[in-house]
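A.B. asks: Going down the list, the protein sequences come from chains A and B.
In this text, residue positions in the first sequence follow full-length UniProt numbering: the first is 1, and each later residue adds one.
In this text, residue positions in the second sequence follow full-length UniProt numbering: the first is 1, and each later residue adds one.
You may find that some hints are simply not true.
To be verified - If the Cβ cut is set under 8 angstroms, some of the chain A residues that face chain B in the computed set are: (1) LEU111; (2) VAL198; (3) ASN203; (4) GLY207; (5) GLY246.
To be verified - Okay, the calculated bits of chain A under chain B, using three or more residues with CB under 8 angstroms as the criterion: (6) 70-81; (7) 146-158.
What the hints contain is simulated information worked out from the structure, not anything from laboratory work.
In this text, a Cβ means the ideal position worked out from N, Cα and C, and glycines have one as well.
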Amino acid sequence: MSVRTTLTRSLAALVAAAGPVALPATALAAPSDGPTPSPGAATVTRAGTSFLTATTIAAGQPVQVDASTGDYLYWSFTADAGQVHDISATVSFPGARSGASTWTVEVFDGLRRRQACTAGAQTPTADKAASSVSLGCTLREVRPWAEPWSADPLPGTYFVRLSVADVPEPDLGAPVEVELLVSADGEGAPADDGELAVPLVPNTRAGAVLTDEQAIAPVDDADEGSWLDDLLPALGSRWIWTSVGGILAAVAGVVGFALTRRPRRA
Amino acid sequence: MINLRRSTTVLAGLVVIPALLGPVPAMADEPEPAEPPRVELVLDVSGSMGARDIEGRSRISVAQQAFNEVVDALPETTQLGIRVLGATYKGENKKVGCLDTQQIVPVGPVDRSQAKDAVAGLKPTGFTPVGLALREAAEDLGTGATTRRIVLITDGEDTCAPPDPCDVARELAAQGTRLVVDTLGLAPDEKVRRQLLCIAAATGGTYTAAQSTDQLTNRIKQLVDRAQETYTRTPTVVGGSSVCEGAPLLAPGVYTDREKFSEHRWYRVPVRPGQELRASVSVALDRPVNPDYGVLLRAVATDGRELVRGVDAGSGRADVVSAGLRWSDDHEDADERDDADGSATTAATDPEIVPPTMVCLVVSNSFAPRAGTEASPGMPVELTVDVVAASPTPKGPDLGRGWVLLALLTVAGLVTGLLTGLLTRWWVATWREK
Chain A
1 MSVRTTLTRS
11 LAALVAAAGP
21 VALPATALAA
31 PSDGPTPSPG
41 AATVTRAGTS
51 FLTATTIAAG
61 QPVQVDASTG
71 DYLYWSFTAD
81 AGQVHDISAT
91 VSFPGARSGA
101 STWTVEVFDG
111 LRRRQACTAG
121 AQTPTADKAA
131 SSVSLGCTLR
141 EVRPWAEPWS
151 ADPLPGTYFV
161 RLSVADVPEP
171 DLGAPVEVEL
181 LVSADGEGAP
191 ADDGELAVPL
201 VPNTRAGAVL
211 TDEQAIAPVD
221 DADEGSWLDD
231 LLPALGSRWI
241 WTSVGGILAA
251 VAGVVGFALT
261 RRPRRA
Chain B
1 MINLRRSTTV
11 LAGLVVIPAL
21 LGPVPAMADE
31 PEPAEPPRVE
41 LVLDVSGSMG
51 ARDIEGRSRI
61 SVAQQAFNEV
71 VDALPETTQL
81 GIRVLGATYK
91 GENKKVGCLD
101 TQQIVPVGPV
111 DRSQAKDAVA
121 GLKPTGFTPV
131 GLALREAAED
141 LGTGATTRRI
151 VLITDGEDTC
161 APPDPCDVAR
171 ELAAQGTRLV
181 VDTLGLAPDE
191 KVRRQLLCIA
201 AATGGTYTAA
211 QSTDQLTNRI
221 KQLVDRAQET
231 YTRTPTVVGG
241 SSVCEGAPLL
251 APGVYTDREK
261 FSEHRWYRVP
271 VRPGQELRAS
281 VSVALDRPVN
291 PDYGVLLRAV
301 ATDGRELVRG
311 VDAGSGRADV
321 VSAGLRWSDD
331 HEDADERDDA
341 DGSATTAATD
351 PEIVPPTMVC
361 LVVSNSFAPR
371 AGTEASPGMP
381 VELTVDVVAA
391 SPTPKGPDLG
401 RGWVLLALLT
411 VAGLVTGLLT
421 GLLTRWWVAT
431 WREK
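Could you put together the complete structure from these sequences and hints?
C.D. replies: In structure tokens:
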């Protein structure tokens, strides 16, 4: 299924190769004016208070929630390989405050590993007189595969936590209005760069402590079904790009050869 | 040869697919018990609630109006109880006054008119035994597998300490039942705020300073709704040991534990070849600690080798500090060992029996207590364990991709064609001359 979509996508890209303009457009698309909500997306008016209770949102779905200063607000969204997510948030203060406060938006992957922001005001400070503060975080491009030891962003669930990092104590508990929007840019990633067998989606079921017998109970090795895959290489877009390149090279070769002969005929 | 053996394994594997699910996740697959969400509102009716300082109205009347609206908007399935403190004893005897807390609406399906009547009759009266009220409220909510939520609405500092309500909250949170206390303060008083913030932090709840009727109403509604949305996500309680040997064996799922300052907690997870271990841990800052802190999650082999680690550190305000890791047995190694085992056992028709690798997980923290911070009970630890199919290194051929590649190949082809053409012309010319 994913192979087929990759194939059609790359074919479409090749067919539409009208100009060389499309070169950097796929992966590095950087939003210039900040994200805008998808038309028709329902506004989310809730937020979770922990990783387990994070409210699920979709990219392009605006969030608007009343909260108290000092709350830890959690949302989660799903990311696919090749996407770049951009998170923008605004915290508005309806009442007067006693001093400056620093706000922070943090992003964690499905394994609760902290994710770096490549751009955006992740921890801005709102001075005493400010009526609102804007936060932003642009994430790295989600890789289709990474070694288990690496901390690269992978497909799966991502958690956003918005909180106040530093605030004068008398301001804790004061009402704030929070607006948040997650937007996604970018196409899918090529299939031949590996694939994560199971996306990083946290298992939220209650656990069960095993006995020794249950833990070492013989289970047949299920992993060996892939011997056919070992023989056949994964069919991905690189095959198409390279084959088309070969065809173009052959045609260009013939054209080049013909060019050298033309003056002789004339 | 190897492929032949593998294909027989595949056939054998197909037959026993139901067995693959095995005893490990079967228990976790069972649906959560259908238990309604349970919330108790704890309202302070002490003498100070008579003060008229919220939009010119008395604190109690604001609270009463908010309660009425919340009861009206209550979701059908939510079981709500109401407890009051300081509502009946008018005397000066502190000993008696500090026992003054009653449940006026028992936790259960709500009779709206009865609940409203019970709240309407309240008059600001006595002392403020917050600690005792919390303990009683936790009892009212009972024990069970799901999260219980207490919404505490008060305007005054606990006048009955000891017990300190914050210690009570921490103690209740450390008991088996998952309990969250959300607090609402009706007076802009520093001591009240500190106390309510402490109660909220100790139980993973929130603190709100209510400044208007609308805000109070909306906040209580939000908290009651939140109780309905999230109450079933409750982890299993587990007790990690101090060494890997004999540590609890964990199936995929979510667990909760407690860890003291500088303590190490060990767990074990069976991981089979071709599987990947995923683990994450969150340690909650439920008490005042020094501003810089960290958490470390390591996966260690049974012989003490470190396999991988996840680490995170922080500074300043935070609810939890989290770290996570992935680990899978090196695939080549696993295959080789597999094959070696296979050739050793002569009967190739037998389904292979692959013993799992025991991976030890150890959770440690670098929190430092502030002067006067209690060390016991330990800080809440939330551990997520998952064992999934491993993702082997992609081993496709080195092919190219992108417009630059096409341009390069085309130019290379063109140049080759031109060169070939020119060479041909030159060769034909010299041949003709000869």
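A.B. asks: When the hints from earlier in the document are held up against this structure, which numbers fail?
C.D. replies: The structure conflicts with no hint, since it agrees with every one listed earlier.
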